[in-house]
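Visitor: The lines below spell out each chain.
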Amino acid sequence: MAGANTSLDAEKIRQDFPVVTSSINGKPMVYLDSANTSQKPVAVIDAMTAFMREGYAPINRSAYSLAAEATEKYEGARTKVAKFINAKSSREIVFTKNATEALNLIAYSWGRTNLKRGDVVVLTHMEHHANIVPWQMLQQEIGIELRWVPLTSDFQLDLSSLSNLLAGAKVFSFTSMSNVLGTINPVEKLCAAAHAVGALAIVDACQSVPHAPTDVQAWGADFTMFSSHKMCGPSGVGVLWGREALLEAMPPFLGGGNMISEVRLDGFKCAELPAKFEAGTPPITEVIGLGAAVDYLNGIGMANVRRHEVEMSSYVLENLTARFGDEITIHGPRNPELRGATFSFAFRGIHPHDLSQILDQTNVCVRAGHHCAKPLMKIIGANATARASFYLYNTKADADALANALDSASDIF
Amino acid sequence: MPGVEDLYREIILDHYRTPRNRGELPPPAVCTEGNNPLCGDDIRIFLDIADGVVRDVKFSGQGCSISQSSTSMMTVAIKGKPVEEVRALVRRFKHMMTLSDDEGAVDESIKLGDIEALGGVVKFPVRIKCATLGWNTLLEGLNSSQG
Ligand SMILES: Cc1ncc(COP(=O)(O)O)c(C=O)c1O
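So the sequences go chain by chain: A and B.
According to the numbering used here, the first sequence is numbered sequentially starting from 1.
According to the numbering used here, the second sequence is numbered sequentially starting from 414.
By construction, these hints were calculated from the structure, which means they are not laboratory data.
Please read all numbers here as calculations on a predicted model, not as lab measurements.
Check the hints yourself; a few may be wrong.
[Said to hold, decoys possible] Listing some non-contacts, in silico: residues in chain B with all C-beta distances to chain A over 12 Å: (1) VAL417; (2) ASN434; (3) ARG435; (4) PRO441; (5) GLY474; (6) GLY476; (7) GLU498; (8) ASN549.
[Unchecked claim] Cut-off 30 Å, straight-line C-alpha distance, at most; resulting in silico cross-link-like pairs (BS3-like, lysine-lysine): (9) A:LYS374 to A:LYS170; (10) B:LYS494 to B:LYS471; (11) A:LYS189 to A:LYS378; (12) B:LYS494 to A:LYS378; (13) A:LYS12 to A:LYS83; (14) B:LYS494 to A:LYS374; (15) A:LYS374 to B:LYS536; (16) A:LYS374 to B:LYS471; (17) B:LYS542 to A:LYS27.
[What the hints assert, rightly or not] Quick look at which bits of chain A chain B covers, simulated, 3 or more residues with Cβ under 8 Å: (18) 348-359; (19) 365-379.
In this text, a Cβ means the ideal position worked out from N, Cα and C, and glycines have one as well.
Input sequences plus hints: build the corresponding full structure.
Guide: Next comes the structure, spelled out in structure tokens:
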């Protein structure tokens with residue numbers, strides 16, 4: 001049995017995910033695009049459906065008990081998320097639309113208050129556009145300077161000149177794991193390096209929170225963010241975590257209902273955290289779905305998820321290399337302990353778009369393109385790559401299906 | 414689900430393997446660059462236009478089999494043609510790709526020849542952008558070369 005000798009029973013877990021066990025035209029689904037967005041377990045689907053069928057109501061606004069219960073469920077999800085990443089308090093958890101909005105919130109609200117012309121923000125060459133463009137917008141607007149931590153030849157961050165790059169910096173914002181290379185970065189060390197020069201440490205944790213235990217206090221980070229849809233939860237909700245003192249000192253991002261404590265004709269007063277950053281009616285059902293996703297992942301155990309993915313990585317790396325040798329180029333670290341189970345690759349000179357089209361014939365779902373990391377793509381010398389990413393519901397059989405489908409792709413070209 | 418044989422017709426693969434008019438033209442030829450933001454493909458079209466005629470055309474850049482072969486076939490079809498005919502051909506092609514543009518009526522009698530083979534792309538909506546990348550870039554080039 002696939003899964004029998006791994007740290008969690010992926011065969012059993014698969015059964016919780018309707019799309020993962022579905023088939024098209026009689027051929028089973030091989031879903032290998034979880035770095036993009038993950039599939040949803042029945043527990044999440046049911047929690048959202050049940051809320052909409054039986055408990056739907058506004059939050060924070062009405063005295064009737066249906067609304068009070070909805071508020072309790074919504075705030076309950078906040079507490080679950082806070083515990084999940086070991087935040088000091090649930091007041092430090094802000095629900096946004098997605099991680100992208102959270103990064104924009106920081107750049108807009110913290111950045112415009114605290115940065116001035118010539119101030120330095122340090123990023124890395126492996127960032128997602130979401131952690132590049134908001135800073136470039138500030139660069140255009142107020143003339144901050146952007147510096148970049150380069151890569152080594154084995155797809156790690158090149159930290160040899162980090163102290164030079166960080167000298168005088170106000171912000172160091174970096175990903176905990178590359179969504180293209182799979183590289184896992186030394187988050188604690190990078191946060192410490194930022195703090196050593198008095199810079200803020202911002203961790204884009206989109207690719208690590210769904211896949212491994214997270215402890216923002218152990219990281220020593222100042223802000224982090226991630227998206228529900230990559231961690232078995234619904235789309236439409238993201239999480240911003242920030243140290244309370246920082247969030248407290250920041251001006252609001254969006255203005256409107258829910259984020260105020262007082263509005264008069266001559267001005268307004270902000271609500272307390274975290275409502276201050278949650279203007280308007282939030283995605284209530286989705287937040288409750290995220291809470292259910294956190295429960296689901298806790299039930300499996302994030303350490304087990306991580307171990308499973310290390311095992312999947314070993315298997316994928318060994319098998320693809322053994323089978324295809326030089327015909328496949330994997331852009332990322334070879335050591336499964338240093339990477340997540342996300343593999344960008346080039347195969348037999350076939351363009352990734354064509355490759356993913358052919359894999360689709362056997363329902364093998366991989367992403368083709370630049371993965372919202374165009375600067376990184378340029379650095380690794382590829383316009384586009386195919387990317388297969390594995391999660392807790394993927395088995396060795398999925399990895400074999402990928403290899404078989406790849407092999408058949410060259411018949412056409 | 415439509416089969417990939419509808420997509421990867423032999424003539425398409427032929428243009429992919431052996432692209433025609435690949436290369437660059439020196440100024441004063443007009444160079445226009447087009448990107449497919451979805452997949453990172455990019456294409457450059459070089460147009461030498463004089464007296465309302467496309468006297469020469471070349472293309473460079475990277476892309477998938479569909480964008481490369483579509484552009485290659487396009488260059489063959491437009492080389493030596495009057496600009497007005499080229500524009501009518503672009504409209505005809507985009508119409509086949511189920512895209513309309515506001516630039517004028519489609520002349521259904523225009524023969525597409527080999528380009529007809531790209532008709533299967535319509536069954537794969539995500540790839541329509543690949544097939545039209547070169548054509549849209551061409552349009553931009555035509556517009557800018559006419560000041
Ligand atoms: C590393 C990283 N950062 C940010 C994002 C943006 O996430 P979202 O599109 O959910 O806002 C992603 C998603 O692809 C990502 O992988």
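Visitor: Going through the earlier hints one by one, which of them does the structure break, listed in rising order?
Guide: 1, 5, 6, 12 and 14
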